[in-house]
Amino acid sequence: AQSVTQLGSHVSVSEGALVLLRCNYSSSVPPYLFWYVQYPNQGLQLLLKYTTGATLVKGINGFEAEFKKSETSFHLTKPSAHMSDAAEYFCAVSFYSGNTPLVFGKGTRLSVIA
Amino acid sequence: KAGVTQTPRYLIKTRGQQVTLSCSPISGHRSVSWYQQTPGQGLQFLFEYFSETQRNKGNFPGRFSGRQFSNSRSEMNVSTLELGDSALYLCASSLAPGTQSYEQYFGPGTRLTVT
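Chains P and S are the protein sequences, given in the same order.
Note that this note's numbering has the first sequence beginning at 1, numbered continuously upward.
Note that this note's numbering has the second sequence beginning at 1, numbered continuously upward.
Just so you know, these hints were derived from the structure itself, not from any lab.
Possibly wrong hints are sitting among the right ones.
[As the list claims (entries may be wrong)] Ranges of calculated distance between the beta carbons of each label pair, as one might list FRET restraints: (1) S:Thr113 x P:Gly53: 41 to 51 Å; (2) S:Thr80 x P:Ser14: 15 to 25 Å; (3) S:Ala96 x P:Glu66: 25 to 35 Å; (4) P:Ser80 x S:Thr5: 19 to 29 Å; (5) P:His82 x S:Gly42: 18 to 28 Å; (6) P:Asn99 x S:Asn77: 20 to 30 Å; (7) S:Thr113 x P:Ser9: 22 to 32 Å; (8) P:Thr72 x S:Asn77: 35 to 45 Å; (9) S:Leu83 x P:Gln2: 27 to 37 Å; (10) P:Leu20 x S:Leu83: 14 to 24 Å; (11) P:His10 x S:Asn77: 28 to 38 Å; (12) P:Gly16 x S:Ser70: 47 to 57 Å.
Glycine included, C-beta positions come from ideal geometry on N, C-alpha and C.
Chain P on its own, in the form it takes in the complex:
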């Protein structure tokens, strides 16, 4: 069965430090991959997505992610954390060109320390 694993339910970084949030998926077919962010008492906002083509994708707010098929990974990075990045981040996957529902990871809560 297809699944998504986010390593680390809570990640804490200093302001200005590198942000790295890990996501691995399991699938026997090509995935569509997404990262969403959720701020308290709000819905999910799409940060970036990978469908086909370039494996390094850039999103909003300075985030980017790289699809590595050999490692079945889609880790999210940002070179320099900002206080406003503190939120919960979800990795999600869909299959068959988006014909299947999104399967979400458990989420990673990012804290940014001043």
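Since chain P is already given, all that's left is putting chain S on it; use the hints.
Only chain S this time, still in chain P's reference frame:
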């Protein structure tokens, strides 16, 4: 362009009652999906509607149902509420499934509390 809207935003119900939640997708979007978010189970898929037809259904009991209208607006209904149904219910809309531009846009959610 207005985003996905969900009503009501907050709801308190008693065990055994039923509830209806509403979702209006982004204009032009024809696909609507519903998700349940709880601290213990995370985000779980409930069902997806496209052109008034249910395309996919998650692993939830029959107490959970939904429908989509000709204007793409969607409702979900939960009957005989249980304490465990307390959750944030999120609606997401997309243009259509199965396209390279596929992406879902989420509403702010309806926070349901069952007492």
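Do the hints match the structure? See the list:
1. S:Thr113 x P:Gly53: 41 to 51 Å: Between Thr113 of chain S and Gly53 of chain P, where Cβ atoms are some 44 Å apart, the hint holds.
2. S:Thr80 x P:Ser14: 15 to 25 Å: With Cβ atoms ~49 Å apart, the hint is violated.
3. S:Ala96 x P:Glu66: 25 to 35 Å: 28 Å, holds
4. P:Ser80 x S:Thr5: 19 to 29 Å: With Cβ atoms ~34 Å apart, the hint is violated.
5. P:His82 x S:Gly42: 18 to 28 Å: 26 Å, holds
6. P:Asn99 x S:Asn77: 20 to 30 Å: 25 Å, holds
7. S:Thr113 x P:Ser9: 22 to 32 Å: Holds, at about 24 Å.
8. P:Thr72 x S:Asn77: 35 to 45 Å: Holds - the Cβ-Cβ distance for Thr72 of chain P and Asn77 of chain S, about 38 Å, lies within 35 to 45 Å.
9. S:Leu83 x P:Gln2: 27 to 37 Å: 30 Å, holds
10. P:Leu20 x S:Leu83: 14 to 24 Å: 38 Å, violated
11. P:His10 x S:Asn77: 28 to 38 Å: 35 Å, holds
12. P:Gly16 x S:Ser70: 47 to 57 Å: Given range 47 to 57 Å: holds, Cβ gap about 52 Å.
Against the hints set out earlier in the document, violations occur for numbers 2, 4 and 10.
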